[in-house]
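S.K.: Modelling step: build the complete structure from the supplied sequences, incorporating the hints.
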Amino acid sequence: MRDLLIPILVLSPMAGGALALILRGRAARSALVALSAAALVFAAVALASNGLMRYTPGPLTTIDWNRVVLAADVVLLGWFLALAWTRRHPGAFSLALLQAVGFAFLEIRYGERLRVTQGFVVDWLAIAMVLLVSILGSAIALYAIPYMDEHERHHPGVPSRQPRFFALILVFLGAMNGLALSNNLYWTYLFWEITTLCCVLLIAHDGTAEAVASSNRALWMNLVGGCAFLAAILMLAHAQPIGEAMAIDRLVGGPTPYLVPVALLCLAGFTKSAQLPFQGWLLGAMVAPTPVSALLHSSTMVKAGVYLVIRCAPAMQDTGLTNVVALAGAFTFVATAMVAISQRNAKRVLAYSTISNLGLIIACAGLNTAMAVSAAVMLLLFHAVSKALLFLAAGAIEQRIGSREIERMEGLVLRMPWTTALTVLGVLTMLLPPFGVLVSKWAALESAAREPAAMVLFVLGSAFTVLFWVRWIGRLMAVEPGREPEMTEQMPALFRWTMGSVAALAVLLSLLVTQVMQRFVAPVVASYLQVGSEGFRATVADLESRIGSFPVLGLALSLLIAVALAVILASGRRAPTVPYLCGEPPAEGAELAPLGPGDRPAPVRVSGTYLERFFAEERHAAWMTVGGVLLTAAMLGVAAL
Amino acid sequence: MSEGTSVPFGPQHPVLPEPIQLRISLEDENVVQALPALGYVHRGIEKAGELNDFQQNVFLVERVCGICSSIHALAYCLAVEAVLGLEAPKRASYLRVVWMELHRIHSHLLYLGLLAEAFGFESLFMEFWRVRERVMDLLEMTAGNRVIISVCTIGGVRRDIDAEQARAIREELPKLRDEARRLVDSLLSDYTVRQRTVGKGTIPAALALELGAVGPTLRGSGVAQDMRMAGYAAYGELEFRPVTFPDGDTYSRTAVRAEEVFQSIDLVLAALDNLPEGDLKVGFKGRPEGAALARVEAPRGELIYMVVGNGTKNLERMRVRVPTYANIPALLTVLPGCEFADVPVVTLSIDPCISCTER
Amino acid sequence: MSVLGEVSGIARIEDAPLESLLDALRAYRQRQARFITASCLDRGDRFEILYLFDEDLRTVAVRTLLPKGAKLPSATGVYLCAFLVENELQDLFGIEVEGLHIDYSGKFLVTDTFDAPPLLKQTACELQLPKENPS
Amino acid sequence: MNLIQKARMKSPWILHFNAGSCNGCDIEILSCLTPVYDIERFGAVNVGNPKHADVLLVTGPVNRRNERVLRNLYDQMLDPKIVVAVGTCASSGGVFQNCYNCMGGVDKVIPVDVYVPGCAAKPETIIEGLILGLEKLAKMPSKPKKGAQPAEART
Amino acid sequence: MSTPEIAIRLFAAVLLAPIAGMLLVGLDRRISARLQGRVGPPVTQPFYDLVKLLAKQGDTTSRFQTACLALYLASNVVSLAMVFLGQDLLVMLFVVAFGAVAYIVGGFSAKSPYSQLGTQREMLQLLTYEPLLIFLAVGIYLRTGSFLAADVLRLERPLLPELPVFALTLVVVYCIKLRKSPFDIAASAHHGHQEVVRGPLSEVAGPSLALVELAHWYELPLLLSIAALLWATPLWAGVLLGLACLLASIVVDNVAARLTWSWMLRFGWAVAVPASIANLLYLYATRGGGS
Amino acid sequence: MARMLRSVLHNAFSKPATRPFPEAPRAAFEKARGLVTFDCTDCRFCGACALKCPTGAIRVVREERKILFEPFKCIVCGACLEACRFGSVQMGPERRKPVYEKPVEVYTKPEADKPATPQDRNE
Ligand code: NFV
Ligand code: SF4
Ligand code: SF4
Ligand code: SF4
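If you read the protein sequences in the order shown, they are chains A, B, C, D, E and F.
For the first sequence, the residue numbers in numbering that gives the first Met the number 0 are 0 to 640.
For the second sequence, the residue numbers in numbering that gives the first Met the number 0 are 0 to 358.
For the third sequence, the residue numbers in numbering that gives the first Met the number 0 are 0 to 134.
For the fourth sequence, the residue numbers in numbering that gives the first Met the number 0 are 0 to 154.
For the fifth sequence, the residue numbers in numbering that gives the first Met the number 0 are 0 to 290.
For the sixth sequence, the residue numbers in numbering that gives the first Met the number 0 are 0 to 122.
What the hints contain is simulated information worked out from the structure, not anything from laboratory work.
Computed from a prediction, not measured in an experiment: that's the story for all the values here.
Heads up, some of the hints might be wrong.
[Unchecked claim] Each computed BS3-like pair below joins lysine-lysine, with the alpha-carbon atoms no more than 25 Å apart:
1) F:96 with F:30
2) F:65 with F:51
3) B:89 with F:30
4) D:138 with F:101
5) F:96 with D:5
6) D:107 with F:101
7) F:101 with D:135
8) F:51 with C:120
9) C:70 with C:120
10) F:30 with B:174
11) F:96 with D:107
12) F:96 with D:138
13) F:30 with B:280
14) F:65 with F:96
[Stated by the list, open to error] Per the computed footprint, the stretches of chain B lying under chain A, defined by three or more beta-carbons under 8 Å from a beta-carbon of chain A, are:
15) 7–18
16) 30–37
Idealized CB from N, CA, C, for every residue including glycine.
M.R.: Shown next, in the form of structure tokens:
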């Protein structure tokens, strides 16, 4: 049974995806998605309860798995080449070509060294990742079923592209699990590239010019990452003996002499996580249907990048590299949080916030202390859940109001009370104590306290963060002038269930933050940083570090009491009243249209503030890119020295 | 759904002492349009002026506005006197100057306080109004009332300033000058005040003239025009040079009014020094027939009364054109481009008086 | 009905027929005379409208006679600031002004609670005058 | 005097509305706030917002356009509240008796609790009027009467 | 800390501190008045205001905003209690931010446009003072080696000499939090002479407004105790320091005009934040091996 | 800001400008225009005062030999005073006090035994 878990996690969704392509009926497809989801959740939970293990699949009848991987790689690279060619994108084509050449060279020159004995190693970090992918991924895939029906009603594609869509989603889930579990750079590379391919194809799903252009940008940027990944493999293969070259646990288990490959892997991670200067593709990717954004672009695929960096952390300890990584992450954190303030498009806000949080995770990984890495892992978990919720909610909103503009969501609470409530909850779990993301942020701040640069950047970034979140919920709660409340919010049942359960998960995880710490995070840190108690101590009530403590239970209780109090206080008698409009009474029938010049009713309206004067993207694009380029270059440079 | 923000500013708004509504359209707190809605203080005084006895009208026009009240009375009286062919006695003309200038001091100090209040400088507001109380006391002492002093009448003045009172005024005004000097210096040199006023609502001289701006609003744009130069009442016999500041912004307009406080103090003292003996008013018989126009300088600028008599005790027409009326177009032109926070400041910078405007 | 003769305080009154009114105003504008205001008198079957200008502290005027019921061409094209007073003419005298820059359509100073424009002579008797003590 | 009554006496928050006055009384109201009269001694604050105010100080004879504004402001104030008509024209229309656009006093539009005489009303008189009004305010019931409509629905 | 001690401290934070806060709010108004040459209200004025507001009939504030304001009040209570219990300063500041967020969201939920405009400015105020406070906490950490407020009390020497900038930034924070010029851009303290009327509170009435007043009674002691951390030994000196900051902010209020939000942002991020950072860098540079 | 600082500090350390009102009211100015009253001893009920009054605050009922005066209409202008040739209108410097209800004061010629006091008649 144990041995079946990993194949189930990796292969069953892939098989499901293949079937979805073949069985094109809606019912069959839904059933497949549901089945795969069930299998994934089950297997992931089983994997988690089973704990640490190693697993190497035996040969498939007579064929060595490595051959399968090789074949898959060849297909994949060919696909990339074809894609770049048909899309007439010389940059992407050259990158794909470079990779193909490099790969051929690798196979021909070092074919032997690529074989490893330990195919999969299950540690707590991997488990955490698999849980994320499987549980959130399943929820999102289920959510996508009604979503895509509605989506096709808005974007009639003839014939329906849903089979392809779900096939890609399912394949992607398998690949993500593979990526998390594989202990073999060579295999990881394959999974890595599969996620890229799924991502690129899914971005182009709608086939509009904008979608294709965004997809192209994602393609070439991720191919840069692929090249870096491949270069790392090449260098390792060149330098290391057979049988060890590709084993991740050996490479990053502790300080390593192979710093340049590690730096290259970090670079690959940066591209996948859309860190500066690669932020462009993730922003463009927002044209994809929202489940794609939720799944790939916030909670899972982009996490692959930071996952890789966290994995690499032990190898970088006490090197210049780790400092540069920290700096680069912190830089992304601040810069993107700042620019997010000027965004009027909810999905772009979410995208920027995602990039920003990933930056923070990377920065924590770069800080590389037990506390910092704990913070990174916590953030990885909590952010994924909250962000998935937010994306799902944003999708539901978009389908209902036909826009992603925050301004159009003004007063949404009157029109879609449930979705709005979930959105606000999502934001609050991102923003406020005692919820998980904030606990992680606290951990991040405390772990950065001794590093001036990181500290300052963390503080500034956090300040920006508050602004765009609050502004968004502010708009949602702002009562739009003249709009009558329509309390008839119909939501597909699957929306309600998936969003509800993700929301529940977000809250639950937050309440159990000490448990999460003990169960997942502490073992992760202990297992591969080999530092034991240096991180956080979790008692029943508090999360304690050497330099501070977070009274999780106390605050949760206070919050509970406060909310109860608030409800009581707010339930008193209310006298109806018209809003204060400088004395002019509103005209008949229009609540917020007081009489204006010439006694004509003039509607009142207040739009949100986006501080474009200070934070417009264009104003900052140049130095953000330059900074990103310099920092990534510095990363490689420092490693080489 | 329209982009941007549209809010009413007034009629009842805490920074507005008077009801007027400005419909403000904003983009990210920058004003793109400001449209006024007036009529909240329109009473119909021009019509009442035709329905009343022309002598009672003096009391009515005083109440067009409580801030420049005596100047309305003066302008009306000058116009009616012109129709009737009267000339007020010398002493009355000098007394008129005294009271008009005291009134101007109170009005300008009031403005300076309100402006400070508009940008939240509460202590300065308090200080200016504290100093202003000195003038109010002088007014009450000499005229018997604080704001509506009712001193002018057709043919002269209704009250006298005796030696005792003149001495009191001479004693009080230098004290007031010292205190006001200190405050005006604080105001005009203050960093935060300059932040809020310099370059805000700039009306270039050409624009000011084109839009018909008058008074301190015009002089704040560097145009030396002041009806007192025409020499009505006793102004022709007193030394007088209009105060101007060149920049046309809120700061300049404020500076003009601030300096005019001192100019007015000098005028009062000079008028008292030269106060001739003589009658307070001339008697008259008959009813106004014919038309006359009187232009005087109210605190906010040129005030015009046109009186058309038809030989009865009721006038055929009483026309009032007040300075704020002339300044509003300029204000509306410079509001777009300001920040929302500047709206009250720039609006107040023309020292708008809506009750004058709407009569 | 008569019109104003000499007006003490107005240096010169220039008559302009309705058709050439705007040209007359334009001439003042060219001379950079400052527009003061317009002023209207109800002369029975027509209105006597004076446009007042300032030339170095002297007052000069352009007069036009507007038959009741006729439309008055707006001066806002020449002097923008005339929009206030023209709206007032619409309100208080019921004169229709054509081409008004910002038109409050008769609700500039008053809300429509009057049967007749209040500043017309005949309206006087329609206003109840509370001369009597209500007691 | 119980605590609530005392608190009401000592914390009158003022809303001032100029209902078409000549400004004479308005500037006298403003004077009350300034150092020489300083009604903050009695806890009075000019809040400028009907929702916060206990005392509505109205000046002016009320005209046909601001009538609706006055009514609206009055309605927006929470009970208990008092209205003080400041100045002759707020009390009765005063000198504006022949003016076609005037309503002739605040009590033509909303109930007035205290009339303050004077044209312009002097600051001292306004203060006396305020205190007189507060005595009335303090005695108003603390709980809305059974079945009484809240502020908005009345009038 | 023993249970009785915790109880005593909680009692002090929840019941005694607000009384002191009330008197301080009253004192604030009185001092302001004296600076303006007036007599001003009695020191117990806030108490009467509160009682009066509570006795207002009906409440026109929306349920949601009232709830938000209650949360705001609660966050002030909790954060004050956290300081009194010697808890983690960062977490305490997060709790403060929680309150600010609740206050802001409440302000957005009101229909009046002034509430909305004022709340947007409130948000920018948060953006201005939030980093200053966190930097202060970091500064304290750098000398005590801990984020726990309790550890400050163990120091032998006062922190202020090494953290001078933070006393100044605290005055800025006081001005913002207490709605004083030049930073009373979202709503002025007591008088509504503001282009956005009372900002987020424009629609808040009666008993709901009382919640806000009450919240201020906690806010002042909270701000004072933050200042007191800079001179915690002896504690009375810290309290004096807090009072001095308060006094400074009152004086600043009376010698400055209200400036605009854009000025505030520029000032905050171009002057106050860099100054804080400079002080922090000094602390980093001179950090002893011991901490 | 520095100059303002001097001012406010000066204020802080000197006596406030606030007048102690209502505890110790200041004496009215001698010539202040305040309370208008009638003394009908010499009144001829000629109506001149009512005619000149710009607000219609006075009504003279000749037949009943009464003067009805509405003080809350009066703007204290003094026109009646100037109009009366018999000195029957008086104006004192004291302020009129605020009231809950607007009174109408009725003045009649005093009979030999009754003093000339107004009788308040509330509407
Ligand atoms: N000065 C003045 Fe007036 C007049 N006339 C004008 O706009 O204040 Ni009320
Ligand atoms: S009572 Fe007199 S001073 Fe007061 S507003 Fe009326 S007219 Fe003006
Ligand atoms: S008071 Fe004088 S004016 Fe009036 S009725 Fe009597 S006598 Fe005539
Ligand atoms: S003082 Fe004036 S308003 Fe009063 S009664 Fe005499 S004339 Fe009438």
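S.K.: Against each hint, give a clear statement of whether it holds in the structure.
M.R.: Here is what the structure says about each hint:
The suggested pairing of residue 96 of chain F with residue 30 of chain F holds, with an alpha-carbon distance near 18 Å, which does not exceed 25 Å. Of the supplied pair hints, the one linking residue 65 of chain F and residue 51 of chain F holds, its CA atoms being roughly 17 Å apart against a limit of 25 Å. As the CA atoms of residue 89 of chain B and residue 30 of chain F are separated by approximately 23 Å, the hinted pair is consistent with the 25 Å bound. The suggested pairing of residue 138 of chain D with residue 101 of chain F holds, with an alpha-carbon distance near 21 Å, which does not exceed 25 Å.
Distance check on the hinted pair: residue 96 of chain F and residue 5 of chain D sit about 23 Å apart at the alpha-carbon level, within 25 Å; holds. Between residue 107 of chain D and residue 101 of chain F the CA atoms are separated by roughly 13 Å; this keeps the pair inside 25 Å, and the hint holds. For the hint pairing residue 101 of chain F with residue 135 of chain D, the CA-to-CA distance comes to about 16 Å; that is within 25 Å, so the pair holds. As the CA atoms of residue 51 of chain F and residue 120 of chain C are separated by approximately 24 Å, the hinted pair is consistent with the 25 Å bound.
Taking the CA atoms of residue 70 of chain C and residue 120 of chain C, the gap is near 19 Å; set against the 25 Å cutoff, the hint holds. Taking the CA atoms of residue 30 of chain F and residue 174 of chain B, the gap is near 23 Å; set against the 25 Å cutoff, the hint holds. Taken as a hint, the residue 96 of chain F and residue 107 of chain D pair is honoured in the structure, with Cα atoms around 22 Å apart against an allowance of 25 Å. The straight-line distance between the Cα atoms of residue 96 of chain F and residue 138 of chain D is roughly 21 Å, inside the 25 Å bound, and the hint therefore holds.
Taking the CA atoms of residue 30 of chain F and residue 280 of chain B, the gap is about 19 Å. The hint holds against a cut of 25 Å. Only pairs whose Cα atoms come within 25 Å are accepted, and residue 65 of chain F paired with residue 96 of chain F is accepted, the gap being roughly 24 Å. For the stretch 7–18 of chain B, the stated coverage by chain A is satisfied: 7 residues place a CB nearer than 8 Å to a CB of that chain, which reaches the threshold of 3. For the stretch 30–37 of chain B, the assignment as covered by chain A holds, since 3 residues bring a beta-carbon within under 8 Å of that chain's beta-carbons and 3 suffice.
When held up to the earlier numbered hints, the structure conflicts with none and fits them all.
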